[in-house]
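S.K.: These are the residues of each chain, in order.
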Amino acid sequence: MSIARVLMKGNEAIAEAALRAGATNYFCYPITPQSEVAEYLARRMPEVGGVFLQGESELAVSNMLFGAASTGKRVFTTSSSPGISLMQEAISYMAGAELPVVIVNIMRGGPGLGGILPAQSDYNQATRGGGHGDYRVLVLAPSTIQEAVDLMTLAFDLADKYRNPVMMIGDGMIGQMMEAVELPEHCRESELPSNDEWAATGAKGREPRIIKSLFLDPVGLENNVLILHEKYERMKREEVRFERYKVSPENRLMIVSYGTMARICQTAIDELEHEDVSVGLFRPVTLFPFPENEIFKEATKKNIRSVLTIEMSTGQMIDDVQRAVMGKKSVEFYGRTGGIVPAPEDVRERILKVLGPKNATRRKKSRG
Amino acid sequence: MDSAKNAIFKRPEALRDIVTHYCPGCTHGVIHRLVAEALDDLGIRERTLGVAPVGCSVLVYNYIATDFLEAAHGRAPALATGFKRLRPDMIVFTYQGDGDLASIGMAEIIHAANRGEKFTTIFVNNAVYGMTGGQMAPTTLEGQITTTCPAGRDVAHSGQPIRIAELLATLQTPGYIERVAVHTPQHIIGAKKAIKKAFTYQIENRCFSLVEVLSTCPTNWGLTPDESVNWVEENMKPYYPLGCFKDSEKGESG
Amino acid sequence: MPGITIDKNHCKGCELCVRACPQQIISMSKEITARGYFYALVHDPSRCLGCCVCAVVCPDVAIEVHAHGLVYNVLEY
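Same order as they appear, the protein sequences are chains A, B and C.
In this text, residue positions in the first sequence follow numbering that gives the first Met the number 0: the first is 0, and each later residue adds one.
In this text, residue positions in the second sequence follow numbering that gives the first Met the number 0: the first is 0, and each later residue adds one.
In this text, residue positions in the third sequence follow numbering that gives the first Met the number 0: the first is 0, and each later residue adds one.
Hints may be right or wrong, so weigh each one.
[As the list claims (entries may be wrong)] If you anchor each label on the Cβ, the simulated ranges turn out as follows:
hint, chain 1, residue 1, chain 2, residue 2, range
1, A, H131, B, N5, 37 to 45 angstroms
2, A, E232, B, T169, 46 to 54 angstroms
3, B, T223, A, R233, 50 to 58 angstroms
4, A, L6, B, Q134, 51 to 59 angstroms
5, B, T172, A, H228, 43 to 51 angstroms
6, C, R34, A, G111, 48 to 56 angstroms
7, B, Q185, A, E46, 51 to 59 angstroms
8, C, S45, A, L220, 48 to 56 angstroms
[To be verified] Among the chain B residues that face chain C by a calculated CB cut under 7 angstroms, a handful are:
hint, residue
9, N5
10, A6
11, P184
12, I187
13, Y200
14, D225
No lab work stands behind these hints: they were computed from the structure.
Just so it is clear, CB atoms sit at the ideal spot from N, CA and C, and this is done for glycine as well.
This is chain A alone, in the form it adopts within the complex (with noise of 0.2 angstroms):
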């Protein structure tokens, strides 16, 4: 059944795609440059019957999912970098006790108070965990709204599969812009998942249930953190996903970009092509678990001279592309941060400047 296309605003289409999958209870603390999520949901909200409700600080609203996770329904945050620093006790407290949860990161410059526009500078927060422990969140970066409202689904059905914290992260863009989607249908209660193995839900007829992170003893802990382990492991294995743009044997660059930023790269590699210089992008979609194999695989490609990571940051995603070619070629690294966000010529400049002043292209051009 073909469903309308809808112009939205990325923090909007962000919150629909919540509600439609189910999480209609929503924590929130307003925060440039996602508050429209809550100004959205506090309207529609009433109307789905869910639950709405604005905390005294990020602080305490991570700490409400705790809780709300606790009763095994759907429940969701958004906020951005500096509030996403103030949720990591949380997330790494539900981490630990094992609760479903997604969080959606708009993220701005930082570090501090930073800026109100894009960056992509929280990569690190992210994909290391963001919080104390030996733990990690499954972390989803979209390039368009409807790869947002498309991953929003996706995270809360992770988020119940691996019964850990799932975030998406976006930077300001995604959220401030306006594009056409598809909205998903409203999935049914009884396609929602009930938890009632572990859930709190009264301990009638059964057992109390304590949903707690503290093993005071150390084989206990030990226990706990390698059951988490075991699914990050999975994660790996199940979970990795990534798009590949104008991959081809003519490239003699991989670029390396995700987000928005990974857009722009497009428009660059599509530019380029029109002067023969072929280059290609590969966007990892899931931060964690990364593409690593991938990665690898695309890089000591005989073709590609090198790798060029590009990022709205100092570079933090690099680490980790720089970890997975194993020095098999060299990585290079193109960003900006600060809010200010690459234009396509910015991108073109500087891949021609690392192919060098030759023809980069492994097409001869034929010469009359």
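Got chain A sorted already, so can you dock chains B and C onto it with the hints?
M.R.: For chains B and C alone, kept in the frame of chain A given last:
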């Protein structure tokens, strides 16, 4: 222990038969029992959720036999808010000490009370940080010696102790706020009434409720349990007066 | 005849029951339990009123009170 056939006082069902880790004379044990008795008397154990704090009573979930969530330090009211908003049919209580509630968790308790979240908070005030070895708390009395104010609390340096019951009672949102003590049998009887009333209000879906319980900490006060009873009477009660500070159902406040 | 049983295993020797008992019939043992506490015991059970005050103050719920026949309700508890 076998319950005698003609037992007129025995361990409540909602309190597990486990030797607790609490120190000799620590009135956490009494307060746990009063909560368990309230749950038994009101028949709500099977639909109750407790939220455990960080502090000596972090292990309350091993003793009171309900479903429990373990909160980060100070965040129990936030967890309780999130849970109760999604499950208003369940009875939710937080159990917190003075470090947890009045220090790191001050924002969470004030805002939960101000929003009128319909859960019950059992606030155990023993004027010190017990679990971590006896440091100063926001409720430590002037001149009281703790490990981080070894010369006694100097109010010029640290300010005056905070009276939580009075503070929360100033909020305009309806609620039930009472301060009780458990150092003598008479006080324990009064404390049980207040705790039971708080849970009853929640069953009737009325308002936020908080019962502040003056409690002993013999180990960190450096006193015997017997001396601790006197210390509550002579030192805590004058600064933290007992009584009902807000009972919106009766139109009483302040 | 009312009486109490004190569970040695739970008793931590805090002596709050000794102080609380209106009949002053509880005192501390001379030997220690496996946990290293002197435990409370009733040295004159015949004078127990079954008032339950000892059980009410005990932080470890170590005391159970039983009675047969007529029992005066001393406390509203």
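S.K.: Please go over all the hints and tell whether each is borne out by the structure.
M.R.: Results for each hint:
no., hint, in the structure
1, A:H131 x B:N5: 37 to 45 angstroms, "violated (54 angstroms)"
2, A:E232 x B:T169: 46 to 54 angstroms, "holds (53 angstroms)"
3, B:T223 x A:R233: 50 to 58 angstroms, "holds (55 angstroms)"
4, A:L6 x B:Q134: 51 to 59 angstroms, "holds (57 angstroms)"
5, B:T172 x A:H228: 43 to 51 angstroms, "holds (45 angstroms)"
6, C:R34 x A:G111: 48 to 56 angstroms, "holds (52 angstroms)"
7, B:Q185 x A:E46: 51 to 59 angstroms, "holds (54 angstroms)"
8, C:S45 x A:L220: 48 to 56 angstroms, "holds (53 angstroms)"
9, N5, "holds (5 angstroms)"
10, A6, "holds (5 angstroms)"
11, P184, "holds (5 angstroms)"
12, I187, "holds (5 angstroms)"
13, Y200, "violated (20 angstroms)"
14, D225, "holds (6 angstroms)"
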